Amino acid sequence: DAGVIQSPRHEVTEMGQEVTLRCKPISGHDYLFWYRQTMMRGLELLIYFNNNVPIDDSGMPEDRFSAKMPNASFSTLKIQPSEPRDSAVYFCASSLRREVYEQYFGPGTRLTVT
Amino acid sequence: LAKTTQPISMDSYEGQEVNITCSHNNIATNDYITWYQQFPSQGPRFIIQGYKTKVTNEVASLFIPADRKSSTLSLPRVSLSDTAVYYCLVGAAFKAAGNKLTFGGGTRVLVKP
Chain A
88 DAGVIQSPRH EVTEMGQEVT LRCKPISGHD YLFWYRQTMM RGLELLIYFN
138 NNVPIDDSGM PEDRFSAKMP NASFSTLKIQ PSEPRDSAVY FCASSLRREV
188 YEQYFGPGTR LTVT
Chain B
214 LAKTTQPISM DSYEGQEVNI TCSHNNIATN DYITWYQQFP SQGPRFIIQG
264 YKTKVTNEVA SLFIPADRKS STLSLPRVSL SDTAVYYCLV GAAFKAAGNK
314 LTFGGGTRVL VKP
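As you go down the protein sequences, you meet chains A and B in turn. Following this note's numbering, the numbering of the first sequence begins with 88 at its first residue and continues without gaps. Following this note's numbering, the numbering of the second sequence begins with 214 at its first residue and continues without gaps.
Note that these hints are calculated values from the structure, not bench results. Owing to the predicted nature of the structure, the values given are computational and were not obtained by experimental measurement. Warning: the hint list may mix true and false statements.
Covered by chain A, according to a simulated footprint, are these stretches of chain B (three or more residues, beta-carbon under 8 Å) [claimed, not checked]:
id : stretch
1  : 283-296
2  : 316-325
No more than 20 Å apart at the CA atoms, straight line, and that leaves these computed lysine to aspartate or glutamate pairs for EDC-like [as the list claims (entries may be wrong)]:
id : chain 1 : residue 1 : chain 2 : residue 2
3  : B       : LYS265    : A       : GLU189
4  : B       : LYS216    : A       : GLU131
5  : A       : LYS155    : A       : ASP143
6  : A       : LYS155    : A       : GLU101
7  : A       : LYS165    : A       : GLU131
8  : B       : LYS267    : B       : GLU230
9  : B       : LYS216    : A       : GLU189
10 : B       : LYS267    : A       : ASP143
Note that the Cβ used here is the ideal one computed from N, Cα and C, for glycine as well.
Take these sequences, add in the hints, and give me the full structure.
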């Protein structure tokens, strides 16, 4: 199994631009999670999906952030417009329903907004 | 999710056993204890999970006393490659809603030669 796949691995963009991060979960996993990690705030859960349906988006910082999961094998996290304070590493993770605390994380996308 | 407290950092040497204790005084009856490991520039990796007594796998052991208000992750004979941040998390393994992992600050373990 290839594990959770994220793209791009690195993204550098200018303030105001739209950024789209992509994630392919492990096949067969029911849950998909988006996290953000910074030195100041640590690892924060932004949103998670169960069977492609968003369950809890209370961690999404503001309306500039949106996430979709059009099918079981693909999810996107979009930031529009981006701001320098969005600079962070964004992780996607997936898990099986019964093992929801055993999450498998992707390699992350390092986002830099200048 | 029960709040957890763990040391900020620990140093050790190759070949030694490393024990990281996590306090979770408000753990609920249905809560499990889970530990993750994160290497620099990588996502966290699940290490071990337990409910009570002792759990052991090929990577680590988890010791949980009877009152479950704390737990200890034990890494036997560490090597330089075990240098990482270790997170302790406590919560229900499955709930009808709100299945969340809340990562605290973790314990930064540095293994020296």
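The hints, checked one at a time:
no.: 1; hint: 283-296; result: violated (count 0)
no.: 2; hint: 316-325; result: holds (count 4)
no.: 3; hint: LYS265(B) <-> GLU189(A); result: holds, 17 Å
no.: 4; hint: LYS216(B) <-> GLU131(A); result: holds, 15 Å
no.: 5; hint: LYS155(A) <-> ASP143(A); result: holds, 12 Å
no.: 6; hint: LYS155(A) <-> GLU101(A); result: violated, 23 Å
no.: 7; hint: LYS165(A) <-> GLU131(A); result: holds, 16 Å
no.: 8; hint: LYS267(B) <-> GLU230(B); result: holds, 17 Å
no.: 9; hint: LYS216(B) <-> GLU189(A); result: holds, 19 Å
no.: 10; hint: LYS267(B) <-> ASP143(A); result: violated, 33 Å
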